[in-house]
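*Asks:* With chain A's structure known, arrange chain B on it following the hints.
Chains as they are written, first to last, in the numbering used here: chain A, 1 to 168; chain B, 1001 to 1274.
It is worth saying that the hints were derived from the structure and are not from the lab.
Take these hints with a grain of salt, some might be off.
What the hints assert, rightly or not - Straight-line alpha carbon distances no greater than 27 Å define the calculated BS3-like cross-link-like pairs of lysine-lysine that follow:
(1) A:K129 / B:K1042
(2) A:K149 / B:K1174
(3) A:K10 / B:K1045
(4) A:K85 / A:K47
(5) B:K1174 / A:K10
(6) A:K129 / B:K1102
(7) B:K1227 / A:K136
As the list claims (entries may be wrong) - Calculated from the model, a selection of chain A residues having no Cβ within reach of chain B, i.e. all distances over 10 Å:
(8) M1
(9) I15
(10) L42
Unchecked claim - Among chain B residues calculated to face chain A with C-beta under 10 Å, some are:
(11) A1006
(12) A1064
(13) A1103
(14) C1104
(15) R1106
(16) A1194
All residues carry an ideal CB built from backbone N, CA and C; glycine is no exception.
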Amino acid sequence: MNDSQIKKLKAGDEIKLSGVIYTARDQAHKRLAAAIKSGKRLPIDLKGAIIYYCGPTGKPGGKVIGSCGPTTSGRMDKFTPALLKTGLKGMIGKGARSKEVIDAIKRHKAVYFLAHAGCGALINKCVKKAKAVAFKDLGPEAIHKLEVKDFYLIVGVDSHGRDIYAKK
Amino acid sequence: MKIISADRISRIVADLCVRANLYLRPDVLARLRRARKAETSKRAKRLLDAIIDNALIARAERLAICQDTGLPVVFVELGQNVRVSGDLKKALNQGVDAGYKKACLRQSVIRDPLVRGRSTHSPALIHVDIVPGNSLKITVLPKGFGCENKSQLKMFHPTAGIEELKDFIINTVKSVGPDACPPYVVGIGIGGTADYASLLAKKALLRKIKGKTADRLERELLAAINKLNIGPMGLGGRTTALAVNIEKSHTHIAGLPVALNFSCHALRSATEAI
Chain A
1 MNDSQIKKLK AGDEIKLSGV IYTARDQAHK RLAAAIKSGK RLPIDLKGAI
51 IYYCGPTGKP GGKVIGSCGP TTSGRMDKFT PALLKTGLKG MIGKGARSKE
101 VIDAIKRHKA VYFLAHAGCG ALINKCVKKA KAVAFKDLGP EAIHKLEVKD
151 FYLIVGVDSH GRDIYAKK
Chain B
1001 MKIISADRIS RIVADLCVRA NLYLRPDVLA RLRRARKAET SKRAKRLLDA
1051 IIDNALIARA ERLAICQDTG LPVVFVELGQ NVRVSGDLKK ALNQGVDAGY
1101 KKACLRQSVI RDPLVRGRST HSPALIHVDI VPGNSLKITV LPKGFGCENK
1151 SQLKMFHPTA GIEELKDFII NTVKSVGPDA CPPYVVGIGI GGTADYASLL
1201 AKKALLRKIK GKTADRLERE LLAAINKLNI GPMGLGGRTT ALAVNIEKSH
1251 THIAGLPVAL NFSCHALRSA TEAI
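Isolated chain A (complex conformation) (with noise of 0.2 Å):
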């Protein structure tokens, strides 16, 4: 998702994203956090990256992964405005954002999405790849490489600062 694309979005407005995504939760977003803070080398480029906040189960034969929904977006807040300052552009999860990741999302002109909250196994059919890329140590919370296609997202908070949960 380039620049341009992200300024035209909306806050409310749905789209299908196809593409790569990595997901990352609790564990793997404190590691993160704290080797920028470090200056450590991260193991996913985060520049232009889009992040997907899903613990997803295992996978039964045949599947490409197992149910993978997203997960309570506000626990990743403290650490977000440092992800954004290193590059990453949006973020899938679901539930509201905090005033400063929202002031940061406009700072760093990225894009927060929502994604079907409580349902992955209808997630599960967008979904083409999935691959354990770092933190295996951490299981269902490792990050993973996704490759999904027509993955339906709202747009929760755009690179303007506006606010899905504002609105209400």
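*Replies:* Here is chain B on its own, set in the frame of chain A:
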């Protein structure tokens, strides 16, 4: 005296874990369909359709309804005339391990809350009740933590009025918002002690959702909650809660504990009695 082997208990628990995580409770699915019919917001209708589709896909493709396959909570009602041959707790946990492994469910349990470390499928959280009779009833509730994290407890003064309780409950629901994956089922425990009220609130989630409840407080709370316009994913609509279930207990003259335990729309549980 009825003798039940630990192995048999393990097999039953394994089956319950699979059933609970893959097959959405029929009463919950029926209530979602009814809510979809009554919903007026266009987006809420689409989101409810997705939730219903998700349950059907999970069933058909043997995928977990939600990737958060929970902290397995196991309720046991053990008849006092039943003797378990073998280790009951071990049998329950072995059943959880076997069921979770079989259905490729997530390892979401960590042994030490502070050290964290590698996650596993078990141990389950086990609640045992001794009851009269010679049967054994086991219920598995895989409890997701998006909603569990929103639990609340308030120790009211015994002189508190019903309006104060209602305000606390409604304000708590407001603060929960989208994080607990609405439409929720709201479990409420009133009475007992602090810990017991919390347990009652969780047990309230097990009660089957059917028709219009006879309890006036449940009806009033449900109506008030569904006026909050939280809706599916917190994006508005009249479907904020599918049900409000209240369980009560005796308590002390000095107190009035009220506990809330939320379930997301993927309220999963399965029961078997032998």
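*Asks:* It remains to establish, for every hint, whether it holds in the given structure.
*Replies:* Hints, one by one, checked against the model:
At most 27 Å may separate the alpha-carbon atoms for a hinted pair to count; K129 (chain A) and K1042 (chain B) exceed this at roughly 32 Å. For a cut-off of 27 Å, the pair hint linking K149 (chain A) to K1174 (chain B) is broken: about 35 Å separates their Cα positions. Between the alpha carbons of K10 (chain A) and K1045 (chain B) the distance comes to roughly 21 Å, so the proposed pair stays at or under 27 Å and holds. Between K85 (chain A) and K47 (chain A), the direct Cα distance comes to roughly 9 Å. Compliance with the 27 Å bound is thereby established for this hinted pair.
About 26 Å separates the Cα atoms of K1174 (chain B) and K10 (chain A), which keeps this hinted pair within 27 Å; it holds. The hinted pair formed by K129 (chain A) and K1102 (chain B) meets the criterion: a straight-line CA distance of about 22 Å does not exceed 27 Å. Simply put, K1227 (chain B) and K136 (chain A) have alpha-carbon atoms about 45 Å apart, too far for the 27 Å limit, and the pair is violated. Against the 10 Å criterion, M1 (chain A) stays outside the reach of chain B, whose nearest CB is about 22 Å from its own CB.
Every CB of chain B lies more than 10 Å from the CB of I15 (chain A), the least distance being 14 Å, so the non-interface label holds. Listed as outside the interface, L42 (chain A) is consistent with that label: its C-beta sits roughly 21 Å from the nearest C-beta of chain B, beyond the 10 Å cut-off. Because the beta carbon of A1006 (chain B) sits about 26 Å from the nearest beta carbon in chain A, more than 10 Å, this interface hint is broken. The interface hint given for A1064 (chain B) is met, as the beta carbon of that residue sits about 4 Å from the closest beta carbon of chain A, less than 10 Å.
Contact between A1103 (chain B) and chain A, as hinted, is supported at the beta carbon level, the nearest pair being about 7 Å apart and thus within 10 Å. Because the smallest distance between the Cβ of C1104 (chain B) and any Cβ of chain A comes to about 3 Å, under 10 Å, the interface hint for this residue holds. Restraint check, R1106 (chain B) versus chain A: the minimum CB separation of about 4 Å is within 10 Å; hint holds. This hint is violated: A1194 (chain B) has a C-beta 25 Å from the nearest C-beta of chain A, more than the 10 Å allowed.
Violated hints, listed in ascending order, are 1, 2, 7, 11, 16; each of the other numbered hints is respected by the structure.
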